[in-house]
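Trainee: Position chain B relative to chain A; hints supplied.
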Amino acid sequence: MSTVNDMDLLEMQQISKSFPGVKALDQVSLHIRRGSVHALVGENGAGKSTLMKCLFGIYSRDEGNILLEGKKVEFNSAKQALDHGVSMVHQELNQVQQTRIMDNIWLGRFPRKGLFIDEDKMYQDTLDIFKTLDIDLDPRTTVADLSVSESQMVEIAKAVSYDSRIIVMDEPTSSLTENEVNHLFRIIRSLRDRGAGIIYISHKMEEILTIADEVTVMRDGQWIATKKAEEITIEEIIKLMVGRDLTNRFPKKTHSPGGEILQVLNFTTEEERSVQEVSFTLRKAEILGVAGLVGSQRTELVEAIFGLSRLASGQLIMNGEEIENSHPQKAIENGFALVTEERRTTGIFNVATIRFNSTIANMDKYVTRYRLLNDRARTSDTDWAIESLRIKTPTQKTRIESLSGGNQQKVILGRWLLTEPEILLMDEPTRGIDVGAKYEIYQLMLDLANEGKAIIMVSSEMPELLGITDRILVMSNGKLAGIVDTATTTQEEILTLAAKFI
Amino acid sequence: MKNPKKTSGVFSGKKIGNFIVDNAIIFVLMLLLIVIIIAEPSFISFRNLKNILSQASTRLIFALGVGGIIIAKGTDLSLGRQVGLAAVISASLLQAPGYAYRMYPDLAELPIIAPVILVMLITAFFSAINGFVIARLKVDPFVATLGMMIIVYGVTSIYFDRPPYGAQPIGGLSDKFANFAQGAINIGSFAIPYLIIYATLITALIYVLWNKTKFGKNMYAIGGNIEAATVSGVNVFKYLMMVYILAGLLYGLGGSLEAARIGSATNNTGNGYELDAISACIVGGLSFNGGIGSVGGIIFGTLIFQVIAYGLSFIGINPYLQYIIKGLIIIIAVAIDSYKYRMK
Numbered sequence: 002m003s004t005v006n007d008m009d010l011l012e013m014q015q016i017s018k019s020f021p022g023v024k025a026l027d028q029v030s031l032h033i034r035r036g037s038v039h040a041l042v043g044e045n046g047a048g049k050s051t052l053m054k055c056l057f058g059i060y061s062r063d064e065g066n067i068l069l070e071g072k073k074v075e076f077n078s079a080k081q082a083l084d085h086g087v088s089m090v091h092q093e094l095n096q097v098q099q100t101r102i103m104d105n106i107w108l109g110r111f112p113r114k115g116l117f118i119d120e121d122k123m124y125q126d127t128l129d130i131f132k133t134l135d136i137d138l139d140p141r142t143t144v145a146d147l148s149v150s151e152s153q154m155v156e157i158a159k160a161v162s163y164d165s166r167i168i169v170m171d172e173p174t175s176s177l178t179e180n181e182v183n184h185l186f187r188i189i190r191s192l193r194d195r196g197a198g199i200i201y202i203s204h205k206m207e208e209i210l211t212i213a214d215e216v217t218v219m220r221d222g223q224w225i226a227t228k229k230a231e232e233i234t235i236e237e238i239i240k241l242m243v244g245r246d247l248t249n250r251f252p253k254k255t256h257s258p259g260g261e262i263l264q265v266l267n268f269t270t271e272e273e274r275s276v277q278e279v280s281f282t283l284r285k286a287e288i289l290g291v292a293g294l295v296g297s298q299r300t301e302l303v304e305a306i307f308g309l310s311r312l313a314s315g316q317l318i319m320n321g322e323e324i325e326n327s328h329p330q331k332a333i334e335n336g337f338a339l340v341t342e343e344r345r346t347t348g349i350f351n352v353a354t355i356r357f358n359s360t361i362a363n364m365d366k367y368v369t370r371y372r373l374l375n376d377r378a379r380t381s382d383t384d385w386a387i388e389s390l391r392i393k394t395p396t397q398k399t400r401i402e403s404l405s406g407g408n409q410q411k412v413i414l415g416r417w418l419l420t421e422p423e424i425l426l427m428d429e430p431t432r433g434i435d436v437g438a439k440y441e442i443y444q445l446m447l448d449l450a451n452e453g454k455a456i457i458m459v460s461s462e463m464p465e466l467l468g469i470t471d472r473i474l475v476m477s478n479g480k481l482a483g484i485v486d487t488a489t490t491t492q493e494e495i496l497t498l499a500a501k502f503i
Numbered sequence: 228m229k230n231p232k233k234t235s236g237v238f239s240g241k242k243i244g245n246f247i248v249d250n251a252i253i254f255v256l257m258l259l260l261i262v263i264i265i266a267e268p269s270f271i272s273f274r275n276l277k278n279i280l281s282q283a284s285t286r287l288i289f290a291l292g293v294g295g296i297i298i299a300k301g302t303d304l305s306l307g308r309q310v311g312l313a314a315v316i317s318a319s320l321l322q323a324p325g326y327a328y329r330m331y332p333d334l335a336e337l338p339i340i341a342p343v344i345l346v347m348l349i350t351a352f353f354s355a356i357n358g359f360v361i362a363r364l365k366v367d368p369f370v371a372t373l374g375m376m377i378i379v380y381g382v383t384s385i386y387f388d389r390p391p392y393g394a395q396p397i398g399g400l401s402d403k404f405a406n407f408a409q410g411a412i413n414i415g416s417f418a419i420p421y422l423i424i425y426a427t428l429i430t431a432l433i434y435v436l437w438n439k440t441k442f443g444k445n446m447y448a449i450g451g452n453i454e455a456a457t458v459s460g461v462n463v464f465k466y467l468m469m470v471y472i473l474a475g476l477l478y479g480l481g482g483s484l485e486a487a488r489i490g491s492a493t494n495n496t497g498n499g500y501e502l503d504a505i506s507a508c509i510v511g512g513l514s515f516n517g518g519i520g521s522v523g524g525i526i527f528g529t530l531i532f533q534v535i536a537y538g539l540s541f542i543g544i545n546p547y548l549q550y551i552i553k554g555l556i557i558i559i560a561v562a563i564d565s566y567k568y569r570m571k
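So the protein sequences, as listed, match chains A and B.
For the first sequence, the numbering used here gives the first residue as 2, with consecutive numbering after it.
For the second sequence, the numbering used here gives the first residue as 228, with consecutive numbering after it.
Treat each hint with caution, since some may be false.
Claimed, not checked - Here are some of the chain B residues that sit facing chain A, going by a computed Cβ distance under 7 Å:
| # | residue |
| --- | --- |
| 1 | LYS441 |
| 2 | LYS465 |
| 3 | ILE519 |
Just so you know, the hints here were simulated from the structure itself, not pulled from any lab data.
A virtual CB, placed ideally from N, CA and C, is assigned to each residue, including glycine.
Same shape as in the complex, but just chain A (with noise of 0.2 Å):
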């Protein structure tokens, strides 16, 4: 096969992987060398998730070969690759909340002595690798009583508990304090150190400089660029993740926002620590993005908006007059629209037809004498949102899961738009879709606040939030820490504002 560097850990050559209509991965390389930290840098969608994804064996490659310590691997699950010392530090951590921390560790592989569990050896091998870790928590409590940071670091002592060589951490850092950031550092320090390597990935350019040892950059499914971290810096990072001009990712812009709207007062969800006392306005034909960091309350944001949780106090005013979104029907009726961030999950139906799911939201325009549906009127306005947005699907009794993620977007759009909202909640419109689809949804937006809709756009894209908005609302913990005009701020300021309450 090929050299086999004595350092070299992980070897992951050429590796491809198309999906209908996208090449996802394409020709990729990654070499991980033993006691190092490897970033994996990329904007959302450049095929880091999908890479990781083949290592596991949770997607089966098409093309390529995966070496670890010189010799040919193949996963066919997470379990076999944490057998054989590869493990993964989830975003969303995987973990049985209701047991103890080590009986998560140890699951699957209880110690034993005879027929029953070594209690006694679980709880002292537990309690050894946290020392070597640094973590200061009793094996006994309950995971659910665990905060974020702590169930990371639980995670990180099971991978360690694997002995393992190579761990991976998506975005370890998205839900942590300072301090806690710190303290990971010193754990992810350490593993170095007894040589395992660590594959990073994160968006935080700082982190990443400030702990990696090489940087990979990834952009549309293929591999930029591999560099010594001390050899990097940001902007050069930052273009290599771009590669391109960015004004070419987004359609010109044509709107100029009118009048106000809608006035938020004073939002606090009944929910602690979620929403708090958050106002702003928002303008006929504008599109507001809302920036923040992960567990900054941007979804739970909009959700109050939509009357999708309780209010312990807030105001709605909308062209002037005090209204109640109550509940969802309540906030279709004073023409809302929400595109939830989950497209699976509070999105679409995934066993039922194209047409079923773009008019689902608006059934009291199609009933008719006798309280039946007008099924006419049903096929004609699906027809309109299937040419509208030009949804690829081969008819309208198609059912939604058979379509790509792209296209699935578009038909909740469509049924959306189907009911003639004055306003748009869009929470991470574009996630996990293509870069031509991306540019399509861009367009609608703008068509829309041409047509002068207001949008509010929660999302985790920088670039999309520089690219089509006209202001940015930046929540930071709950809080509203500022809002930004988006012609003269600066990917910085807006990083900085997020951090602000935390």
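Mentor: This is chain B only, laid out in the frame that chain A set:
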């Protein structure tokens, strides 16, 4: 697995394979039917067809009731006991005036419609409680209706087993009431049993409700993705309540038909009907994952069970062996369903 299936293109091996998997249960059952016919060619007769359809009629009504619940991602174990309650109450109110063991000796002869509507309201009430417990108190449908099943049995038994006659079957039904289920319309030499007509009308009504109304679309939406339904402005509580109440109404109607069909009722009438109805739904393509299923599928599931049960008896198969065959059909149907689900 993530790959969307191409729906265009010529017939390929995969497509034929899919067709077989999609319709595997039908093939299995057709095979069984062919075996029955080969064993006893006289099985194919107009008389048998009529018997099968009559027997399937009440079962179809029950299956359509629980079918809506299953589409809305619930289940209803209390079906059989609610049928029993409806049967006992309607029978007790419609005993012939001259019958010696009347539960209400001095009761005047009622028009049939009154007791039937009364029991429909009673079962709708118990089903509404099911709906409330499931939709508002968020109790798992299996557990909620398991509890209700036991409660309703208790209610039925208290009503049924009391002086002066105690736990005696409630018989001696008035001729009109018996005729309500056992009668037929004669068109020339053609006799169409009332039961078949009722089942046809109800099936048509349910078809319209499920496919042509907002209620139906919302029922599918709740079963398909309850969170997406909420976001889309569906009043989940209201429509779940409606789904359960509709089922209750059907149980009540079907229960009184059962009493009239059998000619008597006890507190054990309807015992186990929920399992037959749910089995018919599952074989007919409904999924416990919710959101899918059709009236046609439920008709198919109900009929096929009836045909097989009738046919196996007809050719003299040991009734205990029939249980084994029925059980296998259910498991195979669900296994195929789950296989299809994973392939998608």
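Trainee: LYS441 (chain B) was flagged as interface toward chain A. Is the shortest Cβ-Cβ separation under 7 Å?
Mentor: 4 Å, holds
Trainee: Against chain A, with CB atoms and a cut of 7 Å, does the hint on LYS465 (chain B) hold up?
Mentor: This interface hint is violated because 10 Å lies over the 7 Å limit.
Trainee: For the hint on ILE519 (chain B), just tell me whether its beta-carbon gets within less than 7 Å of chain A.
Mentor: 5 Å, holds
Checked against the numbered hints given earlier, this structure breaks only hint 2.
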